[in-house]
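As given, the protein sequences belong to chains V and S, one line each in that order.
For the first sequence, position 184 matches number 184 in the working numbering, and the numbering has no gaps at all.
For the second sequence, position 59 matches number 59 in the working numbering, and the numbering has no gaps at all.
Calculated directly from the structure, the hints in this document are not laboratory data.
Treat each hint with caution, since some may be false.
Claimed, not checked - Simulated DEER-style distance windows between Cβ atoms: (1) V/A24 <-> S/E70: 54 to 62 Å; (2) V/M107 <-> S/D27: 52 to 60 Å; (3) S/G25 <-> V/S219: 21 to 29 Å; (4) S/T20 <-> V/S219: 28 to 36 Å; (5) V/K194 <-> S/T20: 45 to 53 Å; (6) V/A24 <-> S/E21: 53 to 61 Å; (7) S/N2 <-> V/A127: 35 to 43 Å; (8) V/R148 <-> S/G25: 49 to 57 Å.
Claimed, not checked - Listing some non-contacts, in silico: residues in chain S with all C-beta distances to chain V over 12 Å: (9) E3; (10) L8; (11) T20; (12) E23; (13) D24; (14) A30; (15) Q40; (16) A48; (17) D50; (18) N56; (19) R60; (20) I66; (21) E70; (22) S74; (23) A83.
Note that the Cβ used here is the ideal one computed from N, Cα and C, for glycine as well.
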Amino acid sequence: MSLPAFAADMALSARAHRVATVAAEFADPVDRDGRFPREAVDAMKAERLLGIQIPTGFGGEGASITEIAEVCSILGQACASSAMVFAMHQIKVSSLVVHGADSPWHMDFMRELAGRQLLVASATTEAGIGGNMRNSICAIEVDGDTCRLTKDATVISYGAHADAVMVTSRSNEGAAPTDQVMTVFRHGQYTLQKTVDWDTLGMRGTCSDGFLFQGEAPSAQIFPKPFAEIAAQSMLATSHLLWSAVWYGIAADAVLRAQAFVRAAARKAGGTQPPGALRLAEASNQLQLLKGNILSGLKHYEDAKLDSDRLSSMGFSIAMNNVKLASSEMILTIINQAMIICGIMGYKNGTPYSLGRHLRDAHSAQLMISNDRILGNTSTMLLVQKPDTSLVG
Amino acid sequence: MNETIRELLTRVGGLPVAVTELEDGADLYAAGLSSFASVQLMLGLEEAFDIEFPDNLLNRKSFASIAAIEQTVSHILKAREAA
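From just these sequences and the hints, can you work out the full model?
Put into structure tokens, the structure is as follows:
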């Protein structure tokens, strides 16, 4: 292979497309059986996508949020569950990259993650907190060099398939519910006892079962920064942006299928405009709006990311919340439009125009961090924060 | 000013601990100040001191402790005097 050909072959988008080909092949069985997308995740590891966000100094590629979002969108067009597993992993890695760079244990873990392509899961939700991950009931017990934690985690996406889990808890037995820390537990340092089955409408392959988590690890694995800072400065933005990128992928594939349907109809119609053509034009308009929404959010984050004051400002939180709200609502409109275009061929499973899986997967978007909760938070902030009225800046 | 801030914190802070037991430098978020309560606190401060927080001060740091709030409010009052 020539050097330019090798470079093209190793480009992030080329690697993502190769993974997407694998993910697409198994998307239907993964969805039908609600099983982990093992083949797609193995392909991510083989293409070394799990460590791309790690800085080059630690053996990664220092990929930007925009590059990672592009991978999420490519995977989302093939299999939303695989894409969401990738996105959730990268959200955890962002905490490591942003907040672990001055802790020797976390630096070593970054090197190993990049080297061995470790998959990281998240345990932030807990029975009894009412869905608000900024509160914990469980408390970590630090006993000299060792820490212990038991958590009734109602959701740990792909928990049974991960190489490590990042778990939130109160910082000590006497701490307030909001005084939280996050700890990395490695496979072998914890047990998971399944308490809730993930049998859902969509996103079935994320295997987001509930578990009783019990772990014991060296205390050095606790992030040195409070979780409140981690949540505000890396999790909030990366979650909303990368989820939105996955959702964009789902909607984009739906529009692609609708276009294929209209095009096939146009060939048969011999010169007359097929009935779905106008709706397709509308769908493409909505998809472009969605793209604009996400791209402006990505730019906002790239501009703010070096300034921790800006990242923890209300204006920034509102902007990220708005990206999530708009993306999660708009994809349903777009996919529904595509469904009307494809008609019964879209409604049926197993046709080239099937949209059932897209629609079911997309319905998770409004619920993963409920839009009502996000609207509530934004409305509170707008009591003091002026809305952003600038067009460019 | 310190007293007014403490009174407001007691009224709208919803903290699980007594405000009198908090040091001026104590981390209010760690003490249990929620984002909703912090906004209520800001509105209370705006009313009490007849000020308006500019957008660049609406971040966690400005309201992280009683001392930080004092500093933020003094900063705004001073800027107004200078104007």
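Consistency of the hints with the structure:
1. Separated by about 59 Å at the C-beta atoms, V/A24 and S/E70 satisfy the suggested range of 54 to 62 Å.
2. Between V/M107 and S/D27, the C-beta spacing of about 26 Å breaks the proposed range 52 to 60 Å.
3. Roughly 25 Å separates the CB atoms of S/G25 and V/S219, a value that falls within the hinted 21 to 29 Å.
4. The hinted window of 28 to 36 Å between S/T20 and V/S219 holds, with their beta carbons roughly 33 Å apart.
5. Taking 45 to 53 Å as the suggested C-beta distance range, the pair V/K194 and S/T20 conforms, at roughly 47 Å.
6. About 59 Å separates the C-beta atoms of V/A24 and S/E21, a value consistent with the hinted range of 53 to 61 Å.
7. Between S/N2 and V/A127 the beta carbon distance is about 40 Å. The supplied range of 35 to 43 Å therefore holds.
8. With their beta carbons about 30 Å apart, V/R148 and S/G25 fall outside the hinted range of 49 to 57 Å.
9. The claim that S/E3 is not at the interface with chain V holds, since no C-beta of that chain comes within 12 Å of its own (minimum 23 Å).
10. No Cβ of chain V approaches the Cβ of S/L8 within 12 Å, the least distance being about 14 Å, so the stated non-interface status holds.
11. Against the 12 Å criterion, S/T20 stays outside the reach of chain V, whose nearest CB is about 17 Å from its own CB.
12. Residue placement check: S/E23 keeps its beta carbon more than 12 Å from all beta carbons of chain V (closest about 15 Å).
13. Remark: the non-interface label on S/D24 is consistent with the geometry, its nearest Cβ contact in chain V lying 18 Å away (cut-off 12 Å).
14. Against the 12 Å criterion, S/A30 falls within the reach of chain V, whose nearest CB is about 4 Å from its own CB.
15. A Cβ of chain V approaches the Cβ of S/Q40 within 12 Å, the least distance being about 8 Å, so the stated non-interface status is violated.
16. Every CB of chain V is more than 12 Å from the CB of S/A48 (nearest about 14 Å), matching its label as outside the interface.
17. Chain V leaves S/D50 outside its interface by the beta-carbon criterion, the shortest separation being 15 Å against a cut-off of 12 Å.
18. With a least beta-carbon separation of about 8 Å from chain V, S/N56 fails to lie farther than 12 Å from that chain, contradicting its non-interface assignment.
19. Interface exclusion of S/R60 from chain V breaks down, the closest Cβ pair being 4 Å apart, not more than 12 Å.
20. For S/I66, the requirement that its beta carbon stay farther than 12 Å from each beta carbon of chain V is met, with the minimum near 16 Å.
21. Its beta-carbon lying about 18 Å from the closest one in chain V, S/E70 satisfies the requirement of being farther than 12 Å from that chain.
22. Distance to chain V confirms S/S74 as a non-interface residue, since its nearest Cβ pair spans about 18 Å, more than 12 Å.
23. No beta-carbon of chain V comes within 12 Å of the beta-carbon of S/A83; the shortest separation is about 19 Å.
Hints 2, 8, 14, 15, 18, 19, counting from the list given before, are not met by this structure.
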